[in-house]
Amino acid sequence: MRKDKDYHLSDPTWCKGCGIYGIFAALKKTAVALDLDPEQLVIVTGIGCHGRLNNYFRSYGFHALHGRTLPVASGVKLSNPRLSVLAISGDGDAYSIGLGHFIHSLRRNINITYLVVDNRIYALTQGQTSPTSETGFVSVSTPYGSKELNLNGPRLALASGGTFIARGFSGDPAQLSTLIEKSMQHNGFALVEVVSPCVTHNKVNNYQWFKKNIYNLDDDSNYNPRDKMKAWKKFSNEKKIPLGLIYIEKRPSYEDLAFGKEVEPIVSGDLGVDAARLEKIMEKFR
Amino acid sequence: MQKKGKMITDISVMIAGMAGDGVLFTGNVLAKIMKRQGWEISTYRDFPSNIRGEPTNYTVRASLKKIYGRGDDIDVFMAFDCDAILKHSRRMAEKGILICDGRDFVAPPPSKSKARTYHRFPLRKLAIGNFGKEIFKNMIALGALCYILDLDFHLLETIISDAFLKRKGKEVVRKNIQAIHLGCEQAKEIVAPEERHPLKRREDYDRQFLSGDEAIAFGALAAGCRFFAAYPICPATEIWQWLAVYLPLFNGLVVQTEDELAALNMALGASYAGARAMTSTSGPGGSLMMEGFGLAGMAEIPIVVVDVQRVGPSTGMPTKTEQGDLNQWIYGSHGDFPRIVLSPGTVEECFEFIIKAFNLAEKYQCPVILLTEQDYGQGLRSVKRFDLSKVEIERGKLLSQEELINIKDFKRYEFTPDGVSPRVLPGMKNGLHMVESNEHDERGYRDEDPEIRVRMMKKRMKKLKSASKDLIAPKIWGKRDAEIGIIGFGSTFGPIQEAITQLEKNGARAKYLQMRTLWPFPLKKAEEFVTTCKKIFIVENNFSGQLSLLLKSQVRTPFDAGNIINYSSQAFRPREISTCIQKAL
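From first to last, the protein sequence lines are chains R and H. Oh and the first sequence: position 97 is 96 in numbering that gives the first Met the number 0, straight run, nothing missing. Oh and the second sequence: position 328 is 327 in numbering that gives the first Met the number 0, straight run, nothing missing.
With the rest of the complex left out, here is chain H (with noise of 0.2 Å):
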């Protein structure tokens, strides 16, 4: 718990049960109050790949600033079972407090639990007396929570009746909100007056809340894409799901395919026809889409991909996080063709680099992926409402039909400066050509000629040096004479801010390379960072470290760096970031 004398400034609250306890429906309402009540959100699902019956956990964290991760400790924790306080309570800030029922409580060691506040209430009890269900336990823990932090219960029972009245009914709603007002009661008879923390009340400025996966599916609706095509993985689906919904309202589709090699070849089917099209989909469905991404490069049909990255490899670990696609995408499939890697950091950028990834499909006729992660993919954050004048849509060289007319022997692969040839649609006059998964010629028919080979490569990879001057450049925190240099890409963004902040604290200066595009290299920009720093890390969420080995075979400048890798499947905290820097200088 963060403090600014005595108020309140950063808050986690971690909720924690069995799947089937509802604890990420109890950590939203509280979200969706302290968003409502003016606070920053950014939430955070270790959920297992399971629907009932196993552990899980939901972090919840509010903050007077605007936040990008979990952060470090545990100030509040709601644990439902006793097995979830064995497993957590070690993650407890110095002053946490907890809120469990009685039953299940475990004394910690007494050197860790002086400062520690134990709230324990018979929630089991309270919820099977009063309602028959043992399910109303985490609406009365949530009555409890609130009373101690002092939050808005009519602003509560608003956030429940819209959560519940139109999917099941009144009766649902009434047992809920009665469930919450019983355990502020509770709360009044155990915790005194001293025990309460109350958050401050401000404005609900303009925020939206939603997860990394929405933004990029309304990004992507404003962005014209009309054709979406998947086969259902976590944690990709709710980008799906979203379009499921809006799309069909603006004339486009999208389809269920059999499996993701469906998937891709019915959307480059699509995008060659015309729509902007796009899939989504995480590491197996990525795997499976690289036969797929070699004919987008080879036929340079333009082409969205969204890969919501989990922990790898085979099945892994389908609902955590980690960063571990990134050579997947950046090397993946077989032979050299043209592939742009987009790597947004927050949602916010899911936003922008998904309309960004539309049209520079169209104007380079290659593959763009977004490479993202569960962390962010499904995590809510509080973010700045979307800036849609912003939204600008590029289609490229894509011919008209007066401009195709006029044209006496139209080439579709035509070998330009730029090496980006014009384009047409099937149906459109005159401009009769073939697409070919084969090596080809101008015209697009099949062509074995090394020489004509040799030209066409050139062209198609050339693409990449046309590209490199319309990416999204890597962005620099922090300040810029500082000796310490981050390197980062994706959701260590979080993470690795507040390290920063942590590190400045203990009289280090830190400063940050946000990689925004991982491919084509921007090499300009890495070299120039490296060049400047006297201590280098590189922050990742795999194994190998992969950007650490992109960064070596890129950058010319031979570089020292020193590797934070995290591959357990949780995301960074910031601490981790720091200490580890801070124990190598």
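Looking at chain R on its own, in the form it has when it is part of the complex (with noise of 0.2 Å):
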């Protein structure tokens, strides 16, 4: 069995009392939990704060452009879906600047995780307002508070066809970790929405301001992560903020219908030309 230190390349250095100390703590512990060789795990970051996790996880790593961490890593699982493929990013890079691609690696439904660390803030660029900022939130780039109405991730995940929706909150790393592990053993994409405080720029929503608006569905036994419309409803409230597993449905991932099963991955294939069937095809030149 592997062991906390196997995942640990170094300390991070976040600002003291990031919420993305949690998520790296889960990612651990899920790791040793599900036992996963550092060798066969590729986590992809984004452009922001969460993208320095690949500086301190011991993994294969790629730090990707802003917004793009999806389309990466759709690539690097279609090509060798025998490796467990992470994709982390932030709300800027999710849901404002890689926004196209988050709806339609949920339509793919390609077996990665996806995991959106939201501070409802740009963290990085020093504090500016984010698409799950509020509206009236005021910031260095909206200082007469924000016009625009801010963006439901998991609700978007659903409308788009998400078949794994999760929310986790950094301040409780042990139900984060359990949430990632279901996630990373889901066949198809699969969302872990973060809501995790930025204790440097985000003065609003801080640690006191989530443990208020926050609730448990996962303590729900009344609560069917299986039915869509309920889903709906717990992401339509916008007062408070459901945490666990809120939906998820079975349906055949990208792969499968690629590939049908048992097919060496891409990556294993002899590149070599077999010049008999490919002269075959010349045929058809004519």
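Read the hints as simulated data drawn from the structure, not as lab findings. Among the clues, some could well be false.
To be verified - Per label pair, the in silico range of CB-to-CB distance:
1. R/Q127 with H/S48: 56 to 64 Å
2. R/W231 with H/R384: 54 to 62 Å
3. R/D3 with H/N429: 16 to 24 Å
4. H/E202 with R/L98: 56 to 64 Å
5. R/A274 with H/K551: 40 to 48 Å
6. H/D386 with R/D3: 51 to 59 Å
7. H/F542 with R/L98: 30 to 38 Å
8. R/W231 with H/E391: 51 to 59 Å
9. R/T134 with H/E133: 55 to 63 Å
10. H/L387 with R/D3: 52 to 60 Å
11. H/V453 with R/D36: 30 to 38 Å
No residue lacks a Cβ here, since even glycine has one placed at the ideal position from N, Cα and C.
Work from the hints to combine the two standalone chains into their complex.
Now the structure itself:
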């Protein structure tokens, strides 16, 4: 069995108290629980404070362009489905500059896990309003208050054909780790949004605020995560933020449809030219 | 119409009408018969970016010798409406032949019409009367043309049957063949025996018939490309559509992405994981790819991007030809990073260069751009069968698991004399590393130390120098001692070659430098060429003379050159070039 230290590359240097520490801890816990081989795990991160995670977590890592984590992660997974592929984005990465990829990845249902670290602010660029900041939010980019409606990622995911939608809180790494564990076992695209305070730039949505506004669906034995309408209602209540596994559905993954069963990954195929076969194809150019 | 004695050696047929008239289909059937009768073929599409209801024309040129473009004049003009006649008849050769519906006929000024022949058929009436549909006028006209050129009707029937049987069934095949014969019978009544121009029949020797787009797709398959991601765009989609059929049969995958940002980034993910990956696009998609282009440079991920150029800027003219993306790929994206830009001039070179592109991408771990054009991207050419025995797959410094396991301290971006570092794939044991879009150290981890930055930049840029010996060299055509020098890239290949022949007939000797690699710039060869010419002309399909600017910024010896440019959305005609040069002498 592997241990926490097998995944610990170096000590993180996020701001003291940053929510991402909780995510880092939860990820390591998940890796231990699933006994993931670091050499079989690819973590693709985007641009934002979360993007430093590759520097601290031991695995194959890819720090992609701003907003482009999902296309890169999808390309990796489709070429070698034997790898575990985890993509991580911030709210700016996932819900603003990379939003097109978000929707289409949900539709595509490739077997990857997508963590969206939502701190409701652009932190790495020093505190601008993000698409998840609430209307009226005051920041350096909206000194007179944001004029836009905040975006609800999980609800959008549900509308876009998401097959696994969960939400965790970086202040509760234990539950978060359980959710990530489940997401990695899900066949298809799994979204885990993680609400996470930015202690430096977001003075509104801090730990106390989140604690006051979240509630846990995992504790509700009456809640059925397979009921799409119920999930829709839960996401639609803007006042209270539900945590837990909110929606799950069984649908063939992209790989199931593209490759069927037991096909050699693209990367292990022989590139050599089967001349006779190609000659036959060439006959068609007449 | 070029002739040798009485025998036709070169003939150019334009078919024009409205989109929806079956212009492309008719042209392709004609091209296939002539090709199978042993002629060399080159077709040229001048289509609107619309499905129905706008004027369109298609030129099929056949020759007994190898050709690479549509040539100068229209020898036979098959026009399906009056507008087409008004628009294109001025392009007809002196002894040109017009085939049209009598109702559409517009008499040209007598000075022009002396030697021309006009064949007027009741095309619409026959089509509607016999088949109830006007569309059959195209096959009736084709039948008449086949009579005039004495083409093999049996072959014609086979080609039509091949084209329709599976898709549309027996009845459609029967009607079309009937229409062809109807056209032939009509022609027998209208066309005098001396107005017939029988084309020579030769063995259909070992030739294929395909477009540049198809040659690229086939070449990519042969080169081991197994992952392709793209977004639909004219005129590059044919590459995708071909691969979409064949890649899955070779355990490969084609993914339709939401945009070109995703297309390139997904292909980069696939390449990083170890697949030979490619995307194809045209100018506008290229603009979106500039971001990922830089990532490929920074993270040193092999990737092949095909840009089938169309008219820009902006949406431009999506189905027309231009060479305006040279600057985009040589200078595009922020910051400095190594990139290789290849420019095939023919369909044959499309096949050859795409294979080379995959090898260069992996050997030098950088983006390789194959810059082609709508002209031969969508145009069909008869070409020699591709020689598959020459296909070699070189993966450069990609380590095997056995090699990697013995390395003590693996560094993905190790400083090496040639700038190329060992590469391993995720999933391999002992190879953990980081791939960074930020500046990074030898292990790939983000590093902003100015010293590391300088060393990393030098390492990456050094790869261009290392690659320079391995690139496709420019080719010099024509007599070495000629004093007139012509420089061009891409599809100007055919028109320039023919222009040289035209110049020779007028006593002017010219040679031609075909730029086959645009970047890294082939300095030595270009310098040599420039210094051995007294007059230089640079021929290109864009407004600002992008090749000319490139040459002038790179070649050390100052030189004067005449720019022959065409940004009309049309490919060069040889005479445009030769006349321009002749005037300047």
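Here is what the structure says about each hint:
no., hint, result
1, R/Q127 with H/S48: 56 to 64 Å, "violated (40 Å)"
2, R/W231 with H/R384: 54 to 62 Å, "holds (59 Å)"
3, R/D3 with H/N429: 16 to 24 Å, "holds (21 Å)"
4, H/E202 with R/L98: 56 to 64 Å, "holds (59 Å)"
5, R/A274 with H/K551: 40 to 48 Å, "holds (45 Å)"
6, H/D386 with R/D3: 51 to 59 Å, "holds (57 Å)"
7, H/F542 with R/L98: 30 to 38 Å, "holds (36 Å)"
8, R/W231 with H/E391: 51 to 59 Å, "holds (56 Å)"
9, R/T134 with H/E133: 55 to 63 Å, "holds (60 Å)"
10, H/L387 with R/D3: 52 to 60 Å, "holds (53 Å)"
11, H/V453 with R/D36: 30 to 38 Å, "holds (37 Å)"
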